[in-house]
Amino acid sequence: MDDEFTPLDCLLPSGTQRICLIILNQPLDKDYLQVLWSKALLRACADGAANHLYDITAGARDSFLPDYISGDFDSITAEVKAFFTDKGCKLMETADQDHTDFTKCLAIMLEEIKRQQLQGSHRLGVNMGLEGDWCSLIPVGGPCITTTTGLKWNLNNQLLQFGKLVSTSNTYEPVAPGSPRKPVTVTTDQPLLWSMGIHKDKE
Amino acid sequence: MDDEFTPLDCLLPSGTQRICLIILNQPLDKDYLQVLWSKALLRACADGAANHLYDITAGARDSFLPDYISGDFDSITAEVKAFFTDKGCKLMETADQDHTDFTKCLAIMLEEIKRQQLQVDAIVTLGGLAGRLDQTMASVETLFHAVSMTDLPLLIIQGTSLAYLLRPGSHRLGVNMGLEGDWCSLIPVGGPCITTTTGLKWNLNNQLLQFGKLVSTSNTYEPVAPGSPRKPVTVTTDQPLLWSMGIHKDKE
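Sequence order for the protein chains is A and B.
Position one of the first sequence corresponds to residue 1 (the working numbering), numbered consecutively onward.
Position one of the second sequence corresponds to residue 1 (the working numbering), numbered consecutively onward.
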């Protein structure tokens, strides 16, 4: 699996990735919302996310109607639910208490992608100009034997494990001014959480 | 290890735990700072935490002088550094890049506790759970390191969350301070844990907790009759298991 994947392509207006968007029940970044919404082939809200969407899109709500809102509906307000129902958004109640609203929303998203036939060793492009100055590899869930290139502090068949070594506050391999960053490559034997900073002007 | 430990005792003004306080480089909860500071036998700042302390205690700075400030000093401002130095606070530069400022600050705290022969029940950390995801994870990693550095419980508090890593074995947690929020969780951050609990709404019975299989989040306490105290939560685990709980705040 050596095709390059660029995590922050989705935030670049001229990025080429085809994406679907899930919004969760948290305060929303308005800038991210606008870019991601305009590119997304499908857009969904998990329960109370619809409240945040409704609030933040006042004055332009007709341009921000999700394809569906799913969840157990213990967070969405009656007003917001009525608004989106009237506008034709699908409401899909998922009562299953063994899974979070996020997991259930994702399951529906995958079914929709399949139904609508929208259907694409790791190489991460980190040269969008949107990357912040930190990145990390976190063995959440269990130990990972990891090898990397393209990081300032690379790993060579290194065991990452909570209590032994976790790679946080890492960054990208320095390059000559004007040169593009090299992609980061990561090989791991177990699921490994990659996390990176996003550059925001207001920071 | 069946003594009852009450994580939120430290935030109750009338609580009986003897604590030491570490402040990390994050926006500070003023209410928590005041309660914890007044109870703490030792108080320390990790690097830029001193900036936050300085800002938030304007007008009363002489009452909030830490015993020491440690770190690689790439965050503390020159003004703040000078202020605390003039007031007699110890500055301890720790250049080691293999450990975070938090871990290094904890190491110094443990040495001080030993040197002064203090009787301490818990070390409480303010900050460390918000902001960058990798730094939150680094805080959790310090909880793991602490298990091999000391027998003392190490807590992290920020906002409405508390984090506490349970060592392998049995634990009894008091959850009846009146400060507990309405959620709690058990998260197998470093690897799978076989877990048994009582006192939760959704208890576990020799259950494997593992990312990708089952993680206990959005749990809560076993309901009791109105007016009755909550039962303690008991947890048995075979591997380090992260306990996290909500803290009730009036403004919520």
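Calculated from the structure, these hints are not laboratory results.
Heads up, a few of these hints could be off.
[As the list claims (entries may be wrong)] Here chain B is said to cover these stretches of chain A; the calculated rule only asks that three of the stretch's residues, wherever they fall, bring their Cβ under 8 Å from a Cβ of chain B: (1) 133-142; (2) 159-172.
[Unchecked claim] Cβ pair distances, simulated, as ranges: (3) Gln34(B) / Asp3(A): 48 to 56 Å; (4) Gly159(B) / Ala60(A): 49 to 57 Å; (5) Gln34(B) / Thr187(A): 44 to 52 Å; (6) Asp250(B) / Thr147(A): 34 to 42 Å.
Ideal Cβ positions, reconstructed from N, Cα and C, are used throughout, including at glycine.
Query raised in the report: Which hints, by number, does the structure contradict?
Result: The structure breaks hints 4 and 6; every other hint is satisfied.
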